[in-house]
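If you read the sequences in order, they're chains A and B. If you're matching positions, the first sequence starts at 4 in our numbering and goes up one per residue. If you're matching positions, the second sequence starts at 37 in our numbering and goes up one per residue.
Hints were generated in silico from the structure; no laboratory data involved. Fair warning: there could be bad hints in the mix.
Not the full set, but computed from the structure, chain B residues with beta-carbon under 8 Å of chain A [said to hold, decoys possible]:
id, residue
1, Ile-43
2, Lys-46
3, Val-49
4, Gly-50
5, Leu-141
6, Glu-143
7, Val-165
8, Met-169
9, Arg-172
10, Leu-176
11, Asp-184
12, Leu-191
13, Arg-194
14, Arg-207
Below 30 Å or equal to it, Euclidean Cα-Cα: the simulated DSBU-like pairs (lysine-lysine) are [to be verified]:
id, chain 1, residue 1, chain 2, residue 2
15, A, Lys-156, B, Lys-117
16, A, Lys-157, B, Lys-148
17, B, Lys-117, A, Lys-157
18, A, Lys-35, A, Lys-85
Yeah, the Cβ is synthetic: ideal placement off N, Cα and C, and Gly gets one too.
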Amino acid sequence: MGLLTASASFARYTVEGKPPDNFWEFAAERIKSFSFRDIDDTVDEYSIGWVSVQSMFDSEFAYASHAVADYIVLTMRIDERKISAAVLNKFARKEEERIKRERQVPKLSRNHRLEIKEQVRQQLMSRAVPVPAVYDLCWNLADNTLFFFSNNKKAQAVLEDFFKDSFGMTLVLQVPFLAAGKLVDADAQDALERLRPAIFV
Amino acid sequence: MDLIDIIAEKKFVGQEFLTWLWYKSEERGGAVCLPGAGDIQVVFEKHMLLEFGEGEAQEKLICRGLQTELKEARTGLLMGKKLEQARIRLARGDYEWYFTLTATLFEFRGVKVPKTVESEDEGDGQAAVEGRMLERIGMLEEISRTVDELFRMFLTVRTGPDWEDELRRVRTWLHKAAEN
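With these hints in hand, go ahead and build the complete structure from the sequences.
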């Protein structure tokens with residue numbers, strides 16, 4: 004459902020904040036600083052960063068630039084090691100049973116069980132394969148608007164934070180009332196503020 | 037007002053726009069005159085989502101089917117349900133888009149953009165790839181701009197002195213269409 008897929012879904016944002024004068028250098032430097040770092044060969048649980056929209060493996064933009072005419076096109080890639088609650092509980096309970104048998108005690112203290120659960124979580128996490136997710140965006144520099152190609156609320160919240168970290172500018176979701184404020188003239192602004200729901204029946 | 041409050045308190049703006057756009061599209065058999073651009077085609081089809089109430093008490097009504105079968109959706113509107121999502125076919129000039137528009141967040145879903153000469157150029161060179169990308173961005177921006185232009189039309193009448201007359205016409209359309 005991304006920028007280049009046959010069927011696209013997107014939310015619209017405005018980009019608020021003043022970009023620096025040397026914008027293209029600034030953008031290139033920030034994209035590099037916040038580019039995606041692979042965690043396949045580490046034990047890190049989470050990684051987020053920018054990659055090329057044409058390949059999730061191109062975090063150095065070697066094959067395609069992030070700059071296309073007056074647009075910046077990027078993919079936000081998130082890799083995350085995940086363990087389901089059911090799997091974690093199963094292995095934590097298994098380890099508890101093993102320790103109880105070994106020590107020949109009928110039950111373990113709550114603190115001990117929490118400790119076991121955390122150890123098991125770390126073991127499972129180090130064995131889990133990072134699950135990738137990619138979300139495209141297209142930033143129109145001429146009018147400071149941005150299309151984010153996902154309707155997932157969690158992904159949108161992550162984007163808003165990560166974009167702010169990366170570029171120091173704020174994204175504002177253009178819900179109808181905010182979009183309306185930019186479309187009507189000054190005279191209609193007051194009327195817009197005073198609108199109350201109409202009865203259609 | 038922060039965004040969460042705006043969404044909660046002002047969601048009616050998007051829902052009223054979508055309802056008005058449905059009326060407007062049927063007023064002249066799908067043709068809507070866009071100021072400065074002339075007639076475009078706006079057709080509501082196949083899929084609609086209406087909702088009623090808030091939070092846990094919220095009811096949703098999904099209507100699917102051919103255009104003639106959207107009677108259920110009109111009846112829903114007459115019962116006070118609000119139009120939250122609609123699948124729309126929009127034709128402007130030589131091009132045609134299909135998309136679902138959501139009323140509360142103004143999101144575009146399942147957008148199918150028109151095929152163009154450039155988009156069918158299968159070249160793998162960097163220039164060809166960038167050309168296709170720009171073409172696609174242009175098509176997505178055009179549908180976004182067109183929806184904004186329709187929204188501006190709605191806002192002009194909604195905040196102007198003619199709203200009561202327009203509202204009467206929408207009510208008449210709704211009652212007539214639900215009876216047929």
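Cross-check of the supplied hints:
1. Ile-43: 6 Å, holds
2. Lys-46: Hint on Lys-46 of chain B: holds, closest Cβ of chain A at ~4 Å, below 8 Å.
3. Val-49: 5 Å, holds
4. Gly-50: It holds, given that the least Cβ distance between Gly-50 of chain B and chain A is near 4 Å, below 8 Å.
5. Leu-141: 6 Å, holds
6. Glu-143: 5 Å, holds
7. Val-165: 7 Å, holds
8. Met-169: Holds, because the Cβ-Cβ distance from Met-169 of chain B to chain A comes to roughly 6 Å (cut-off 8 Å).
9. Arg-172: At 7 Å from the nearest chain A Cβ, Arg-172 of chain B passes the 8 Å test, so the hint holds.
10. Leu-176: Given a least distance of 6 Å, the restraint on Leu-176 of chain B holds.
11. Asp-184: 6 Å, holds
12. Leu-191: Holds. Min distance 5 Å.
13. Arg-194: 7 Å, holds
14. Arg-207: 6 Å, holds
15. A:Lys-156 <-> B:Lys-117: With a Cα-Cα distance of about 24 Å, the restraint between Lys-156 of chain A and Lys-117 of chain B holds, given a limit of 30 Å.
16. A:Lys-157 <-> B:Lys-148: 24 Å, holds
17. B:Lys-117 <-> A:Lys-157: Within the cut-off at roughly 28 Å; holds.
18. A:Lys-35 <-> A:Lys-85: 27 Å, holds
Checked against the numbered hints given earlier, this structure breaks none of them.
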